[in-house]
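Below are the chains, spelled out letter by letter.
2 protein chains.
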Amino acid sequence: MKLHTADDFFEGIRSGHTVTLARAITLIESNNPEHFLLAEEILLKCIPYSGNSIRVGISGVPGAGKSSLIEVLGSKLTEKGKKVAVLAIDPSSERSKGSILGDKTRMEKLAADTNAFIRPSPTSGTLGGVALKTRETIVLCEAAGYEIIFVETVGVGQSEISVSSMVDFFLLLVLAGAGDELQGIKKGIMEIADAIAVTKADGDNVKPAIKAKAEYINALHLMPHPASGWIPKVTSCSAQTGEGVKELWKMIEQFVAFTKQNQWFEANRAGQNVYWMHEKVNAELKRRFYNNPQVQEKIKNLEQEVKEGKLSSFEAARLLMKQN
Amino acid sequence: MKLHTADDFFEGIRSGHTVTLARAITLIESNNPEHFLLAEEILLKCIPYSGNSIRVGISGVPGAGKSSLIEVLGSKLTEKGKKVAVLAIDPSSERSKGSILGDKTRMEKLAADTNAFIRPSPTSGTLGGVALKTRETIVLCEAAGYEIIFVETVGVGQSEISVSSMVDFFLLLVLAGAGDELQGIKKGIMEIADAIAVTKADGDNVKPAIKAKAEYINALHLMPHPASGWIPKVTSCSAQTGEGVKELWKMIEQFVAFTKQNQWFEANRAGQNVYWMHEKVNAELKRRFYNNPQVQEKIKNLEQEVKEGKLSSFEAARLLMKQN
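Protein sequences appear in the order of chains L and A.
Be aware that the first sequence starts at 166, since it is given in our numbering, and climbs by one per residue.
Be aware that the second sequence starts at 166, since it is given in our numbering, and climbs by one per residue.
Note that these hints are calculated values from the structure, not bench results.
One or more hints might be untrue.
For identical chains, the list gives no copy identity; a pair is met inside one copy or between any two copies.
[To be verified] EDC-like cross-link-like pairs, simulated, lysine to aspartate or glutamate; straight-line CA separation at most 20 Å: (1) K398 with E418; (2) K475 with E206; (3) K451 with E480; (4) K487 with E206; (5) K210 with E470.
Remember, predicted model here, so these are calculated numbers, not experimental data.
Bound-form chain L, shown alone:
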């Protein structure tokens, strides 16, 4: 099927044609100027049909079991007839090549599920750029009828902040016996977590998991109460035995009901939208500047002069700005 116009894409997306959805996301992720206008047009058509999903951010250090949990939780949801999309933000994927979700075999069952859509992290560009593209991908997935959207991110501080700016519920996965990590940056992440789940709570790991759970409950007591009015919960689960997974989803549903009732749910999304308005502007400023022919004409020479030490980076930046 050949896709020419934004309408072609829009109709394909709305009718649940996943290949079309995937192609549209590729346009969003593309840095090719020719793709940009079409991608924007598709996006604007989809916006009126977006916003009806539950957006869940899932974070944790590598090995915390993010993919395994999403595989099990996602499958439980698709069995109930829910349409589930799994996206990812992996700021390290550019450097270490291959995103967290690049290896779909880690979600074999879900990847083969017609009610599930899995999309790896965009790999090009800065964290900000990657996050914006993921935010726009959420819009397309919602227009395509996905009711639950998981945004997975590796636990590296900055990316949690981006993810928490695009989800309704933020879940932090932790491993038993990682007590040290309660400190420092983990604190910043715990401050934005609506729940902490101790994963791999099976076999010999059950006792340590119970202990860790208690530690995290204590740790959360020290955290300022979130603006949502929701008291962050600590739970444990096992993707292997399925223990606690159903309860985990029930908790998320409770959160949604609670925050819709006290109006935090909408207020939070409204605040997020202002944030993304600015992120979009920042991305646009760069795109337009670097697509400016005079800029493109000058940039190579200036880079060369900076490389040769004839010009400082600051002086070169000034000269380049003059082209705008």
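Starting from the known structure of chain L, arrange chain A on it as the hints suggest.
Here is chain A on its own, set in the frame of chain L:
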């Protein structure tokens, strides 16, 4: 002493007046448009006198002992008559309030040392913005005659990338028994480390430190060889006993000699300067846009309409861009 012109600041900085240096850095960090032009002027005057220091990035998870090591290492260097500056990039400082170096008492001795200058992380703005201001602060410190500049950052992935883009030597501090952290993001960080130091190698910790050292040596074998031609080293040290600290600095001097000899030192800085030229451009694009009166006039209403759901963030961004 009243400072009116860029020349006043420049002379104060060049004559080693630390209060003037501190004030100039405050201008660099300021988001007040009135400060901007003066800060840029000071910066441009300082650039010809910059570049003569050894820039050392020091990273590690909270509790890895960054401040303690810098305190001991820095004091050894100032005793030899070296002028040492300590800067920081802490992307979490905005959220969790108070930067890594905010508490100078963690470097009591160094903070009282006339040959040392300690400056906490800028706390406002994005990681990119914070990093750019630190990069510009390096220029001022070099113009003020500081010969060794430590840039401290907490181990959260993204910030290491920024720091490694502004230093000559990147040192990763690790704690014994943190084997798990070899995985994932740590891998990305180890790829950019010129050396790994196992800290707190004293008392009962000596044996675990030796074991950890061996583990990291093995782990480094799996890493691609860095472009510098330098084979990353693994060492251990104790800020408490001073054990290994002198050797650590000797290693850094060896790295500098080695990379100056094979021309990597200059090539690396040249590449970094191109990177910072683009970062400066990106910061300028934002600054100019948001200082545009038409933009400022429209932005509040657009934010309001987005908050009220009358406008999507993307449509609002488009309308705002029309003001540019």
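Taking the hints in turn, this is what the structure says about them:
1. Proximity of K398 and E418 under a CA criterion of 20 Å is satisfied intra-copy only: 13 Å inside one chain copy versus 50 Å between copies.
2. In the homo-oligomer, the alpha carbons of K475 and E206 lie at most 20 Å apart only across protomers (19 Å), although the nearest pairing inside one protomer, at 43 Å, exceeds that limit.
3. Taking identical chains as interchangeable, the C-alpha atoms of K451 and E480 lie at most 20 Å apart whether they share a chain (19 Å) or sit on different chains (18 Å).
4. For the identical chains of this complex, K487 and E206 are inter-copy neighbours only, at 17 Å across copies versus 31 Å inside a copy, given an alpha-carbon limit of 20 Å.
5. Proximity of K210 and E470 under a CA criterion of 20 Å is satisfied inter-copy only: 19 Å between copies versus 45 Å inside one chain copy.
Going down the numbered hints, you'll see the structure goes against none, and every one checks out.
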